[in-house]
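Read in the UniProt record's numbering, the sequence shown has 52 at position 52, and its numbers run on one by one without any break.
Don't take every hint at face value.
Cβ pair distances, simulated, as ranges [claimed, not checked]: (1) Met84 with Leu14: 51 to 59 angstroms; (2) Ala28 with Phe8: 26 to 34 angstroms; (3) Asp73 with Val12: 39 to 47 angstroms; (4) Ile30 with Gly83: 47 to 55 angstroms; (5) Arg9 with Arg69: 49 to 57 angstroms; (6) Gly117 with Val33: 22 to 30 angstroms; (7) Leu14 with Leu120: 40 to 48 angstroms.
These are calculated hints, taken from the structure and not from any lab test. Predicted, not measured: the structure shown is a model, and the values here were computed from it. Positions of the beta carbon are idealized from the N, C-alpha and C atoms, including for glycine.
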Amino acid sequence: GALPCHLFRGGVRLIACLWFLGAAWSIAQIFGVADISDTVLPEEVMEKPLPDAAGSAYEAIGAIGPHERVLIDWPRNDFQVWGMSSDTSGRHFVIADEFQIYSAQMYHANGRSMLTGFTLVPRCFALEGQALQDLTVVCDDPDEISIAPDATSA
Numbered sequence: 001g002a003l004p005c006h007l008f009r010g011g012v013r014l015i016a017c018l019w020f021l022g023a024a025w026s027i028a029q030i031f032g033v034a035d036i037s038d039t040v041l042p043e044e045v046m047e048k049p050l051p052d053a054a055g056s057a058y059e060a061i062g063a064i065g066p067h068e069r070v071l072i073d074w075p076r077n078d079f080q081v082w083g084m085s086s087d088t089s090g091r092h093f094v095i096a097d098e099f100q101i102y103s104a105q106m107y108h109a110n111g112r113s114m115l116t117g118f119t120l121v122p123r124c125f126a127l128e129g130q131a132l133q134d135l136t137v138v139c140d141d142p143d144e145i146s147i148a149p150d151a152t153s154a
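Could you put together the complete structure from these sequences and hints?
What follows is the structure, given as structure tokens:
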């Protein structure tokens, strides 16, 4: 008869410990104590040239070079990318989170490639209640961007 009581008590203790650890981890992230760093390749790997076939593709794009880091100003610190796309020139980018679509344009400053800050794309009421599956970027005019979302009913 005591086994169910011990199992229940052990389960409650486990859940309480996990809850406490989750709360402590969240507080640590808020104050920047616990941060999971992104793994970055060593510089000698990042600067290693690509074979000619791949290098020519980057020359055709003309916006960024192989393994070039691009400085990005995200819409929010906690932004989670659900989708990303660019035009064929590599100058116009769109990203989407769960609810909104943002666009930015590539430019060069001080020898570095940078994206302008992502700005919110005007709402498309035809997409209300739809789940975003894909984005297509179309640029007929180099300074004008058009986004064609592919969505399904949610």
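Against the structure, the hints come out as follows:
no.: 1; hint: Met84 with Leu14: 51 to 59 angstroms; in the structure: violated (39 angstroms)
no.: 2; hint: Ala28 with Phe8: 26 to 34 angstroms; in the structure: holds (30 angstroms)
no.: 3; hint: Asp73 with Val12: 39 to 47 angstroms; in the structure: holds (45 angstroms)
no.: 4; hint: Ile30 with Gly83: 47 to 55 angstroms; in the structure: violated (28 angstroms)
no.: 5; hint: Arg9 with Arg69: 49 to 57 angstroms; in the structure: holds (52 angstroms)
no.: 6; hint: Gly117 with Val33: 22 to 30 angstroms; in the structure: holds (28 angstroms)
no.: 7; hint: Leu14 with Leu120: 40 to 48 angstroms; in the structure: holds (43 angstroms)
Going through the hint list in order, the structure does not satisfy hints 1 and 4.
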